[in-house]
Amino acid sequence: MRAVVQRVTSASVTVDGEMVSQIGRGLMVLVGIGVDDNDTDIATLTKKILSLRVFEDQKDTSKMWKSSVKDINGEILCVSQFTLFANTHKGNKPDFHRAMSSDGSKAMYARFLEQLGKQYDAGRIKDGRFGAMMNVSLTNEGPVTFTLDSRKFEYVDSQSSSSRATPNPPTTTTATTS
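With the first letter of the sequence shown counted as 1, position 175 gets the number 179 in my numbering; the numbers rise by one all the way through.
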């Protein structure tokens, strides 16, 4: 799973002109789910989002990087974002084969939101509308933006099994001179 996490003073999601979610101070989280992501990835990303210290100390606001979203009693707005798994290395058209299919990712995204709520406060977790064309508005505080990845970019191709793959080591050639 991948996430782009932004510290915000406010954020909202609108679908077809209707505001479906909004938050005050907290985190805006764009979430992408890969073809072989599982509950371990949910646990890893949830823990990191909730414990990431991106806010100032509550007693001494001159001290940055001291508090998490939980520490400040902030809100979290999550938006499903399959485009975080786009492969743009070849050609000009993004390839989304590493993103999980809509049916599988909808269930996994729901479990992710549920875990955030269980580990923090379900009333402080908001989200957009899965699969909808959304307009996202936010005021990034700082700006402060982080990218998180539950696997440190070690993903397998969609045709591989669901086990985690280790990247192939580079091959080397040795040249000899006479």
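Bear in mind the hints are in silico, worked out from the structure with no lab data behind them.
By construction, the Cβ of each residue, glycine as well, lies at the ideal position given by its N, Cα and C atoms.
Wrong hints could be hidden among the right ones.
Each computed PhoX-like pair below joins lysine-lysine, with the alpha-carbon atoms no more than 20 Å apart [said to hold, decoys possible]:
id, residue 1, residue 2
1, K70, K130
2, K110, K130
3, K97, K74
4, K63, K74
5, K130, K74
6, K63, K52
7, K110, K94
8, K122, K67
9, K97, K63
10, K52, K97
11, K97, K51
12, K51, K70
13, K110, K74
Restraint ranges, calculated between C-beta atoms of paired labels, are given here [stated by the list, open to error]:
id, residue 1, residue 2, range
14, G95, W69, 35 to 41 Å
15, V148, M23, 23 to 29 Å
16, M23, N96, 33 to 39 Å
17, N139, K67, 14 to 20 Å
18, G135, T92, 38 to 44 Å
19, H101, S66, 43 to 49 Å
20, A111, S55, 23 to 29 Å
21, T92, K63, 43 to 49 Å
22, N42, A136, 23 to 29 Å
Status of the hints after comparison with the structure:
1. Between K70 and K130, the direct Cα distance comes to roughly 24 Å. Violation of the 20 Å bound is thereby established for this hinted pair.
2. For the hint linking K110 to K130, the alpha-carbon distance of about 15 Å falls within 20 Å, and the restraint holds.
3. Between the alpha carbons of K97 and K74 the distance comes to roughly 39 Å, so the proposed pair goes past 20 Å and is violated.
4. Distance restraint check for K63 and K74: the Cα-Cα separation of roughly 15 Å lies within the 20 Å cut-off, and the hinted pair is therefore satisfied.
5. For the given pair, K130 sits about 15 Å from K74 by alpha-carbon distance, which is consistent with the 20 Å threshold.
6. With a CA separation close to 23 Å, the supplied pair K63 and K52 exceeds the 20 Å bound.
7. The hinted pair formed by K110 and K94 fails the criterion: a straight-line CA distance of about 28 Å is larger than 20 Å.
8. For the hint linking K122 to K67, the alpha-carbon distance of about 29 Å lies beyond 20 Å, and the restraint is violated.
9. About 49 Å separates the Cα atoms of K97 and K63, which puts this hinted pair outside 20 Å; it is violated.
10. Taken as a hint, the K52 and K97 pair is broken in the structure, with Cα atoms around 32 Å apart against an allowance of 20 Å.
11. At most 20 Å may separate the alpha-carbon atoms for a hinted pair to count; K97 and K51 exceed this at roughly 34 Å.
12. Distance hint between K51 and K70 is fulfilled; the C-alpha atoms sit about 16 Å from each other, no more than 20 Å.
13. Our distance criterion of 20 Å between C-alpha atoms is broken by K110 and K74, whose separation comes to about 26 Å.
14. Between G95 and W69 the C-beta distance comes to about 40 Å, which sits within the given range of 35 to 41 Å.
15. In this structure, V148 and M23 meet the distance hint of 23 to 29 Å, their C-beta atoms being roughly 24 Å apart.
16. Between M23 and N96 the CB atoms are about 34 Å apart, so this pair conforms to the stated range of 33 to 39 Å.
17. Checked against the given bound of 14 to 20 Å, the beta carbons of N139 and K67, roughly 36 Å apart, lie outside it.
18. For the pair G135 and T92, the beta carbons lie near 22 Å from each other, so the given range of 38 to 44 Å is not met.
19. Take H101 and S66: their Cβ atoms lie about 47 Å apart, and the range 43 to 49 Å holds.
20. Hint check: A111 to S55, Cβ distance near 25 Å, so the stated range 23 to 29 Å holds.
21. Taken as a hint, the range 43 to 49 Å holds for the pair T92 and K63, whose Cβ atoms sit roughly 44 Å apart.
22. At roughly 25 Å, the beta carbons of N42 and A136 sit within the given window of 23 to 29 Å.
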